[in-house]
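Between the sequences and the hints, there should be enough to build the whole structure, so can you do that?
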Amino acid sequence: DQQVKQNSPSLSVQEGRISILNCDYTNSMFDYFLWYKKYPAEGPTFLISISSIKDKNEDGRFTVFLNKSAKHLSLHIVPSQPGDSAVYFCAAVTQGAQKLVFGQGTRLTINP
Amino acid sequence: KAGVTQTPRYLIKTRGQQVTLSCSPISGHRSVSWYQQTPGQGLQFLFEYFSETQRNKGNFPGRFSGRQFSNSRSEMNVSTLELGDSALYLCASSVGTHSQETQYFGPGTRLLVL
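These protein sequence lines map, in sequence, to chains A and B. For the first sequence, the working numbering begins at 1 and goes up steadily by one. For the second sequence, the working numbering begins at 1 and goes up steadily by one.
Incorrect hints may have been included.
Now the stretches of chain A that chain B is said to cover, found in silico as 3 or more residues with beta-carbon under 8 Å [to be verified]:
1. 23-35
2. 41-47
3. 93-103
Straight-line distance between alpha carbons at most 27 Å, and here's what the computed DSS-like set of lysine-lysine pairs gives [said to hold, decoys possible]:
4. A:K56 with A:K5
5. B:K13 with B:K57
6. B:K57 with A:K71
7. A:K5 with A:K68
8. A:K5 with B:K13
By construction, these hints were calculated from the structure, which means they are not laboratory data. All figures in this text were calculated on a predicted structure; none of them were measured in a lab. Don't be surprised by glycine CBs; every beta carbon is placed ideally from N, CA and C.
Dropping the structure here:
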């Protein structure tokens, strides 16, 4: 039972353009969402998060949008840079539990 | 502040052996969580410790266990290793006072079971 889904295993974007990574969830008890970036053989690096009481959070080039009615969130990276090439994981937290539920990840490749 | 540290970084064991992995959280963080990453199953939650007590547990067999010490450092133990236990084991720490907190990850321990 995959509660958090990232349906695109990979995404290729031109440098300088916008990268949009998507994530869907099924559990309505999730109330906090995070995006992590990961390189091979390293731990995930935190990028940005959003509480379920908000619909948008911005931090520099990264913006996360949350649509609770659609149970959907997205990460926008503008402008995309070559160093953004990595695997991006969406994660969700159930209210009251210190437990991250991860999506399967999307491999983002930024082409020069 | 120093980040989350994990030791060892790499480990090779044979089937049937046991292994202990160590994690030191960010200073001031009292919650330590463990995750397993495999190509087939992705990133999966093992368990979480807070103030030396297991507070949350994932769906892993009893061969997987952990503990936390008074200084918040945590260890994870896997007994009777199986080939399928080969994975990247990640530790994450957070302050631990409420669920809407960011968990910060260490570099992981790569375990290979032969």
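So, going through the hints one by one against the coordinates:
Counting residues of the stretch 23-35 of chain A whose C-beta lies closer than 8 Å to any C-beta of chain B gives 3; at least three are required, and the coverage claim holds. Check on the stretch 41-47 of chain A: 6 of its residues sit with their Cβ under 8 Å from a Cβ of chain B, so the three-residue criterion for coverage holds. Counting residues of the stretch 93-103 of chain A whose C-beta sits closer than 8 Å to any C-beta of chain B gives 11, which meets the bar of three, so the coverage hint holds. The straight-line distance between the Cα atoms of K56 of chain A and K5 of chain A is roughly 20 Å, inside the 27 Å bound, and the hint therefore holds.
A C-alpha spacing of about 25 Å is found between K13 of chain B and K57 of chain B, which places the hinted pair at or below 27 Å, so the restraint holds. Simply put, K57 of chain B and K71 of chain A have alpha-carbon atoms about 25 Å apart, close enough for the 27 Å limit, and the pair holds. Of the supplied pair hints, the one linking K5 of chain A and K68 of chain A holds, its CA atoms being roughly 15 Å apart against a limit of 27 Å. Among the hinted pairs, K5 of chain A with K13 of chain B is inconsistent with the structure: their alpha-carbon atoms are about 33 Å apart, more than 27 Å.
In the structure shown, a violation is registered for the earlier hint numbered 8 alone.
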